[in-house]
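Q: Here are the chains, one letter per residue:
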Amino acid sequence: MDLSEVFKSTLLIGPEISLIVAGLIIIVLDPILKGPSKNNLFGIALLGLAVGFILNLERFGVAQTAFSGALSLDQFAAYFNLIFLIGAFLAIILSRDYLKNIDTYSNEFYALILFSTSGMMILSSSKEFMSLFLGFEIMSISVYILSAFNRKSVRSTEAGIKYLILGGFSSAILLYGIALLYGASGSVYLQEIVSKFDPSNPLFLAGGALVLVGFIFKIGAFPLHQWVPDVYEGAPMPVTAFMSVGVKAAAFAILLRVIFEGFNEIQLSIMPVLWIIAVFTMLVGNIAAIAQKSIKRMLAYSSIAHAGYALIGIVAAYGGDKLAVSSVIYYLFAYMLMNLGAFGVLTYLSRDGKECETFEDISGLWKKRPYIAVALGVFMFSLAGIPPTIGFFAKYRIFLSAVQADFYWLAIIGILASVISAYYYLRVLVYAFMKEDTATFPSFKIASSIVLVVLCIGTLFLGIFPFDSWSLALEAAGSVLVAFKGG
Amino acid sequence: MIWVDLGITIVKIALVFFVVLTLVAYLTLAERRVSAFIQDRLGPNRVGPFGFLQPLADGVKFIFKEDIIPRDANKYIYIAAPAFSLVTALIALAVVPIGRGFETTIFGLLQEPTFVKLQIADINVGVLYILAIGSLGVYGVVLGGWASNSKYSFLGGLRAAAQMVSYELAMGISILGIIMWTGSMRLEDIIEAQQQYWFVFPQILGFIVFLAAVFAETNRLPFDMPEAEPEIVAGYHTEYSSMKFAMFFMAEYTHMIVMSCLIVALFFGGWYPLPFGGWFGVDIDTHWYLPPIVFVGKVLAFLFFFIWVRFTLPRFRYDQVMSLGWKVLFPLAIVNLLIISIAILVMQHYGVLGF
Amino acid sequence: MLGLSSQLGPKRKAKGKLAPYESGMSATGDTRGKFSIKYYLVGALFILFDVEVVFLFAWAVVFKDLGMLAFIEIIVFLIVIMAGYFYVVKKGALDWE
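Residue numbers (our numbering), protein chains in the order written: chain A, 10 to 496; chain B, 84 to 438; chain C, 123 to 219.
To be clear, the hints were calculated from the coordinates, so they are not data collected in a lab.
Fair warning: this is a prediction, and the values are worked out from it, not measured in the lab.
Don't take every hint at face value.
Below, simulated DSS-like cross-link-like pairs (lysine-lysine); rule was C-alpha separation at most 25 angstroms, straight line [to be verified]:
hint : chain 1 : residue 1 : chain 2 : residue 2
1    : C       : K213      : B       : K410
2    : A       : K377      : A       : K444
3    : C       : K160      : B       : K410
4    : A       : K302      : A       : K444
5    : A       : K376      : A       : K444
6    : A       : K302      : A       : K377
7    : C       : K212      : A       : K47
8    : A       : K161      : A       : K47
9    : A       : K363      : A       : K376
10   : A       : K377      : A       : K363
11   : A       : K109      : C       : K160
12   : C       : K186      : A       : K47
13   : A       : K444      : A       : K363
14   : A       : K302      : A       : K376
15   : C       : K212      : A       : K161
16   : A       : K171      : A       : K363
17   : A       : K43       : B       : K410
18   : C       : K160      : A       : K171
19   : C       : K186      : A       : K17
20   : C       : K160      : C       : K213
21   : A       : K444      : A       : K109
22   : A       : K161      : C       : K160
23   : C       : K213      : A       : K43
24   : A       : K363      : A       : K161
25   : A       : K161      : A       : K302
26   : B       : K410      : C       : K212
27   : C       : K212      : C       : K160
28   : B       : K158      : B       : K148
29   : C       : K213      : A       : K109
30   : A       : K109      : A       : K47
31   : C       : K212      : A       : K43
32   : A       : K43       : A       : K171
33   : A       : K161      : A       : K171
34   : A       : K302      : A       : K363
35   : B       : K95       : B       : K200
36   : A       : K161      : A       : K331
37   : A       : K161      : C       : K213
38   : B       : K158      : B       : K144
39   : A       : K47       : A       : K171
Could you put together the complete structure from these sequences and hints?
A: Pasting the structure below:
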């Protein structure tokens with residue numbers, strides 16, 4: 010690798026670099042600046058994200074590789090980067106009001122979100138295990154700190170420690186799997202590992218299984234889902250919003266990439282496993298969510314359930330079906346909009362240093378804050394998969410692809426699970442619209458409400474006219490399947 | 084052949100062990116005599132001529148003292164700690180070359196002559212090895228302080244850990260300049276590269292940082308926080324007595340010897356006696372006994388320097404020690420790194436000094 | 123050497139001799155209680171920066187062969203590290219008292 014190629018590759022990862030540079034600037038400026046100017050540093054974070062967003066748009070045109078093929082900058086990565094960048098952007102705006110609420114003006118918060126986002130972006134475009142692990146760790150470590158960010162709260166600290174220890178374990182398992190695969194194949198490049206795959210070699214199987222375990226943990230799917238409710242409940246609200254959409258989408262991105270990078274028996278051999286995981290994830294998530302008394306915890310369980318729906322798409326795509334892959338991608342995009350919205354409403358309603366958590370905290374919302382109540386309704390309808398919201402379209406696509414791939418049982422279980430989910434989503438609305446107004450609500454917050462309006466419009470508009478964003482997802486799916494078809 | 088090599092190695096190990104421990108014993112005497120000289124006193128001069136048998140008397144007395152193990156101490160760790168300290172200090176000497184070596188048939192025992200290096204183990208990451216072993220030395224101190232279960236010991240151990248760890252950073256980075264300059268981590272390569280000029284001249288900044296870090300690493304004044312008498316009695320070895328106490332002491336002096344060897348090898352030309360021009364024509368491959376003399380002479384000079392500094396400078400405050408390590412030496416070492424790398428690039432461009 | 127003096131040395135039992143030394147007072151409280159968070163901080167920071175130094179060692183050996191490329195890469199690397207270092211220093215993580 011000579012100088013010019015390094016420069017070229019460096020220019021190609023402009024979006025990632027813009028985030029990291031913005032994060033570094035924040036970290037350096039924060040101790041220097043004194044007084045009120047310190048509170049405006051989040052503008053740099055937003056600027057960095059905006060620059061990254063614009064640079065990322067270029068990637069929709071052509072697929073390129075950087076750093077000797079370690080990173081693949083294709084439409085697939087670009088689409089996921091879109092999810093991360095929008096999620097981070099809105100989460101930062103939400104967190105500004107939230108941090109004011111808990112009396113913490115820490116600019117490290119924004120820097121960490123930027124670093125974490127850059128890690129997700131590296132993760133979504135990596136085609137090689139070293140950069141994959143690098144992105145994985147940049148993303149995870151920042152999120153560990155973020156979940157413990159509310160230092161005054163015991164629960165937030167507990168969430169951070171729990172996440173750190175369990176996440177550390179899962180990273181170690183992932184790394185061990187990578188080491189085994191490297192030992193078996195002599196390469197860290199996904200494509201080469203897949204091409205040398207040999208089912209009779211136990212190293213391949215054990216390595217592949219361990220890598221899968223690492224991803225399953227980050228997704229929060231069935232056997233490794235126990236951390237999700239505790240961490241999501243304890244972490245500060247905007248962080249929960251950010252990681253439930255960002256980390257999950259990133260883990261799905263890399264899971265798709267690993268599965269569909271080149272064709273082999275692997276896809277066929279892990280599909281039964283994923284089938285079982287998907288079913289149990291949906292059932293566990295949905296059934297446990299019913300029993301929850303806290304909306305935040307309920308949303309945490311529901312996020313497990315949503316991971317299950319997205320896994321249906323992966324199972325249905327076992328033969329390299331472009332529609333199924335794009336339905337997974339699209340589902341994550343839709344989930345970003347509606348889940349960010351749901352947590353956004355809760356963030357908006359948090360006041361006096363406390364979070365809006367229980368059902369009682371929103372009782373009578375309709376009478377006091379009708380617009381917020383309507384927004385909450387839109388997001389809950391969307392999460393439950395009721396038309397005309399984006400949640401319906403995304404779910405429809407997932408189930409359709411399952412049916413087309415002859416996974417009837419999977420589709421039926423999925424539909425039954427969403428029927429269960431309708432119960433607890435609508436229970437939120439019962440409290441918000443029909444109960445007496447016993448709760449008190451904070452005054453008007455301009456920034457957060459803009460975010461909510463944007464998300465609300467997005468959820469509804471894309472629910473009615475989904476076709477442009479859907480065709481983008483199709484292209485993204487096509488670009489990740491290039492290698493798959495070729496092999 | 085393997086038995087011959089093994090035998091030679093064992094002889095070398097025994098020799099180094101013997102010489103170093105003797106040197107350590109006489110260093111304690113030297114320390115007392117030099118301090119007496121600096122403070123205008125006499126010092127120990129009764130046991131043997133000029134007190135030369137004093138270390139022997141000390142050793143015997145140490146052995147015949149009661150070996151106390153405090154009631155609440157963690158017995159095994161308490162016993163292991165001094166041994167750990169001493170062993171880690173001693174094995175660092177394994178990679179120090181004191182000369183090129185010579186060919187011998189061992190008084191006609193062998194058919195063909197074999198080449199004996201004046202170094203126990205010739206490994207190609209010698210510098211890294213010494214740094215790694217040196218950083219293990221902190222365990223002995225911390226374990227000793229912790230196992231004693233006394234507050235003074237505990238504080239001493241903590242301080243030692245924080246201090247040694249802080250200065251290790253600056254030390255590691257200050258050596259980088261030399262590794263870049265020679266492109267090798269073998270101590271012998273580094274010494275051979277100093278035939279024309281000692282590295283202390285181009286790397287003066289690195290040397291200053293390294294010297295300060297060395298003093299902190301060996302817990303010598305002005306950095307002897309871990310055993311600062313006015314504050315924490317005797318630090319980590321408050322509870323130790325008899326031979327175990329002596330072993331901590333020996334570890335400290337052995338550490339000094341190792342660090343002196345490192346300074347000489349890295350910055351002061353190893354076995355090259357003159358700052359410029361090497362051996363000015365003397366063939367050191369035939370006169371193989373000359374380089375060790377020069378090397379050991381330089382090491383002794385630096386040991387004297389250690390003692391001299393101890394009785395000249397006052398002790399730092401603990402916060403000063405920490406901020407010196409982190410806020411002065413660490414950035415200075417990074418600056419040194421940048422200066423050296425730019426200098427190498429420039430010299431490569433113009434082809435000066437054989438680059 | 124460890125065994126020598128325990129075998130040869132005298133054994134005189136006395137009350138209080140085996141107690142931990144605390145300037146003649148009888149010891150109070152637990153030795154292994156809480157101690158300053160600063161030590162943890164220094165330890166954590168050491169690990170962070172020492173890992174960077176390990177990277178630098180590998181880099182330094184091949185510096186002469188790689189030349190300009192190695193230099194530019196290390197500048198980028200150091201900028202990122204020194205930003206972190208600057209943050210740590212300015213936040214007062216290394217100030218004692």
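Q: So, for every hint listed, does it hold in this structure?
A: Hint by hint, here is what the structure shows:
1. Of the pairs offered as hints, the one joining K213 of chain C and K410 of chain B holds, with about 13 angstroms between alpha carbons and a cut-off of 25 angstroms not exceeded.
2. Taking the CA atoms of K377 of chain A and K444 of chain A, the gap is near 12 angstroms; set against the 25 angstroms cutoff, the hint holds.
3. A hinted pair counts as satisfied when its Cα atoms are at most 25 angstroms apart, and K160 of chain C with K410 of chain B qualifies at roughly 15 angstroms.
4. Note on K302 of chain A and K444 of chain A: the hinted pairing holds, with a Cα-Cα distance of about 16 angstroms set against a maximum of 25 angstroms.
5. At most 25 angstroms may separate the alpha-carbon atoms for a hinted pair to count; K376 of chain A and K444 of chain A meet this at roughly 9 angstroms.
6. As the CA atoms of K302 of chain A and K377 of chain A are separated by approximately 22 angstroms, the hinted pair is consistent with the 25 angstroms bound.
7. Among the hinted pairs, K212 of chain C with K47 of chain A is consistent with the structure: their alpha-carbon atoms are about 14 angstroms apart, no more than 25 angstroms.
8. Between K161 of chain A and K47 of chain A the alpha-carbon distance is near 21 angstroms, which keeps this suggested pair within the 25 angstroms criterion.
9. Taken as a hint, the K363 of chain A and K376 of chain A pair is honoured in the structure, with Cα atoms around 22 angstroms apart against an allowance of 25 angstroms.
10. Only pairs whose Cα atoms come within 25 angstroms are accepted, and K377 of chain A paired with K363 of chain A is accepted, the gap being roughly 19 angstroms.
11. Of the supplied pair hints, the one linking K109 of chain A and K160 of chain C is violated, its CA atoms being roughly 29 angstroms apart against a limit of 25 angstroms.
12. Taking the CA atoms of K186 of chain C and K47 of chain A, the gap is near 43 angstroms; set against the 25 angstroms cutoff, the hint is violated.
13. For the proposed pair K444 of chain A and K363 of chain A, the alpha carbon gap of about 21 angstroms is at most 25 angstroms, so the pair holds.
14. With a C-alpha separation of about 22 angstroms, the suggested pair K302 of chain A and K376 of chain A falls inside the 25 angstroms cut-off, and the hint holds.
15. Simply put, K212 of chain C and K161 of chain A have alpha-carbon atoms about 23 angstroms apart, close enough for the 25 angstroms limit, and the pair holds.
16. A C-alpha spacing of about 22 angstroms is found between K171 of chain A and K363 of chain A, which places the hinted pair at or below 25 angstroms, so the restraint holds.
17. Note on K43 of chain A and K410 of chain B: the hinted pairing holds, with a Cα-Cα distance of about 22 angstroms set against a maximum of 25 angstroms.
18. A threshold of 25 angstroms between alpha carbons decides the hint, and for K160 of chain C with K171 of chain A the separation of about 23 angstroms falls inside it, so the pair holds.
19. With a C-alpha separation of about 23 angstroms, the suggested pair K186 of chain C and K17 of chain A falls inside the 25 angstroms cut-off, and the hint holds.
20. Our distance criterion of 25 angstroms between C-alpha atoms is met by K160 of chain C and K213 of chain C, whose separation comes to about 13 angstroms.
21. With a C-alpha separation of about 29 angstroms, the suggested pair K444 of chain A and K109 of chain A falls outside the 25 angstroms cut-off, and the hint is violated.
22. About 20 angstroms separates the Cα atoms of K161 of chain A and K160 of chain C, which keeps this hinted pair within 25 angstroms; it holds.
23. At roughly 12 angstroms between alpha-carbon atoms, K213 of chain C and K43 of chain A fall within 25 angstroms of each other, so this suggested pair holds.
24. Distance restraint check for K363 of chain A and K161 of chain A: the Cα-Cα separation of roughly 11 angstroms lies within the 25 angstroms cut-off, and the hinted pair is therefore satisfied.
25. Distance check on the hinted pair: K161 of chain A and K302 of chain A sit about 23 angstroms apart at the alpha-carbon level, within 25 angstroms; holds.
26. Distance hint between K410 of chain B and K212 of chain C is fulfilled; the C-alpha atoms sit about 11 angstroms from each other, no more than 25 angstroms.
27. Under the criterion of a C-alpha separation no larger than 25 angstroms, the hint pairing K212 of chain C with K160 of chain C is consistent with the structure, at around 15 angstroms.
28. Our distance criterion of 25 angstroms between C-alpha atoms is met by K158 of chain B and K148 of chain B, whose separation comes to about 19 angstroms.
29. A threshold of 25 angstroms between alpha carbons decides the hint, and for K213 of chain C with K109 of chain A the separation of about 21 angstroms falls inside it, so the pair holds.
30. A C-alpha spacing of about 13 angstroms is found between K109 of chain A and K47 of chain A, which places the hinted pair at or below 25 angstroms, so the restraint holds.
31. About 12 angstroms separates the Cα atoms of K212 of chain C and K43 of chain A, which keeps this hinted pair within 25 angstroms; it holds.
32. Of the supplied pair hints, the one linking K43 of chain A and K171 of chain A is violated, its CA atoms being roughly 34 angstroms apart against a limit of 25 angstroms.
33. Between K161 of chain A and K171 of chain A the alpha-carbon distance is near 17 angstroms, which keeps this suggested pair within the 25 angstroms criterion.
34. For a cut-off of 25 angstroms, the pair hint linking K302 of chain A to K363 of chain A stands: about 16 angstroms separates their Cα positions.
35. For the hint linking K95 of chain B to K200 of chain B, the alpha-carbon distance of about 10 angstroms falls within 25 angstroms, and the restraint holds.
36. At most 25 angstroms may separate the alpha-carbon atoms for a hinted pair to count; K161 of chain A and K331 of chain A exceed this at roughly 48 angstroms.
37. Of the pairs offered as hints, the one joining K161 of chain A and K213 of chain C holds, with about 19 angstroms between alpha carbons and a cut-off of 25 angstroms not exceeded.
38. For a cut-off of 25 angstroms, the pair hint linking K158 of chain B to K144 of chain B stands: about 24 angstroms separates their Cα positions.
39. A hinted pair counts as satisfied when its Cα atoms are at most 25 angstroms apart, and K47 of chain A with K171 of chain A does not qualify at roughly 31 angstroms.
Hints 11, 12, 21, 32, 36, 39, counting from the list given before, are not met by this structure.
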